[in-house]
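S.K.: Sequence:
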Amino acid sequence: MTAENAAAPAVEREGSRQERIGVVSSAKMQKTIVVKVTRKMAHPLYHRVMRKTKKYYAHDETGDARVGDTVRIIASRPLSKLKRWRLAEVIARSTRVA
Numbered sequence: 003m004t005a006e007n008a009a010a011p012a013v014e015r016e017g018s019r020q021e022r023i024g025v026v027s028s029a030k031m032q033k034t035i036v037v038k039v040t041r042k043m044a045h046p047l048y049h050r051v052m053r054k055t056k057k058y059y060a061h062d063e064t065g066d067a068r069v070g071d072t073v074r075i076i077a078s079r080p081l082s083k084l085k086r087w088r089l090a091e092v093i094a095r096s097t098r099v100a
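In my numbering, the protein residues as written are 3 to 100.
Don't read these hints as lab results, they were simulated from the structure.
Glycine included, each C-beta is placed from N, C-alpha and C at the ideal position.
Fair warning: there could be bad hints in the mix.
Said to hold, decoys possible - 30 angstroms max Cα-Cα, derived DSS-like pairs, lysine-lysine:
(1) Lys-85 <-> Lys-42
(2) Lys-57 <-> Lys-30
(3) Lys-54 <-> Lys-83
(4) Lys-30 <-> Lys-42
(5) Lys-38 <-> Lys-57
(6) Lys-54 <-> Lys-33
(7) Lys-56 <-> Lys-83
(8) Lys-56 <-> Lys-30
(9) Lys-83 <-> Lys-38
(10) Lys-54 <-> Lys-38
(11) Lys-54 <-> Lys-42
To be verified - Listed next, with one range per pair, are the computed distances between beta-carbon atoms:
(12) Lys-54 <-> Leu-84: 27 to 35 angstroms
(13) Asp-66 <-> Pro-46: 33 to 41 angstroms
(14) Thr-40 <-> Ser-78: 34 to 42 angstroms
(15) Arg-19 <-> Arg-53: 20 to 28 angstroms
(16) Arg-95 <-> Met-31: 18 to 26 angstroms
Model the full assembly from the supplied sequences, consistent with the hints where possible.
M.R.: As structure tokens, this is what we get:
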């Protein structure tokens, strides 16, 4: 290892983590939100386009997300029995008055 390489700053590289975009369906828990992610897929036999939804429990440290918001979540280490995702950003706020 040369002196040039030792003096170079360490580059933080997160890698390619899985990301999902969905709508918050529940924000009643402390620091946890439930995000509903909808994807479209073709039926294997009938080739009709179907919607499949899945719920993800995500960690929301600051409590920013509210019901109806569109959010981006990224995969993380297991945080609890069900939480394997964390909130990356709130993409769009809900226009619904709560």
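S.K.: All hints are to be evaluated individually against the structure, with a verdict given for each.
M.R.: How the hints compare with the structure:
1. Lys-85 <-> Lys-42: Holds, at roughly 24 angstroms.
2. Lys-57 <-> Lys-30: OK: Lys-57 and Lys-30 at ~15 angstroms, within 30 angstroms.
3. Lys-54 <-> Lys-83: Holds, at roughly 23 angstroms.
4. Lys-30 <-> Lys-42: holds (28 angstroms)
5. Lys-38 <-> Lys-57: holds (5 angstroms)
6. Lys-54 <-> Lys-33: holds (26 angstroms)
7. Lys-56 <-> Lys-83: Within the cut-off at roughly 17 angstroms; holds.
8. Lys-56 <-> Lys-30: With a Cα-Cα distance of about 18 angstroms, the restraint between Lys-56 and Lys-30 holds, given a limit of 30 angstroms.
9. Lys-83 <-> Lys-38: Since the Cα atoms of Lys-83 and Lys-38 sit roughly 18 angstroms apart, the hinted pair holds (cutoff 30 angstroms).
10. Lys-54 <-> Lys-38: Roughly 10 angstroms separates the two Cα atoms, so the pair holds.
11. Lys-54 <-> Lys-42: holds (6 angstroms)
12. Lys-54 <-> Leu-84: 27 to 35 angstroms: Violated: the Cβ-Cβ distance is about 19 angstroms, outside 27 to 35 angstroms.
13. Asp-66 <-> Pro-46: 33 to 41 angstroms: holds (39 angstroms)
14. Thr-40 <-> Ser-78: 34 to 42 angstroms: At roughly 22 angstroms between Cβ atoms, Ser-78 and Thr-40 fall outside 34 to 42 angstroms, so the hint is violated.
15. Arg-19 <-> Arg-53: 20 to 28 angstroms: About 25 angstroms separates the Cβ atoms of Arg-19 and Arg-53, which means 20 to 28 angstroms holds.
16. Arg-95 <-> Met-31: 18 to 26 angstroms: This hint holds: roughly 20 angstroms between Cβ atoms.
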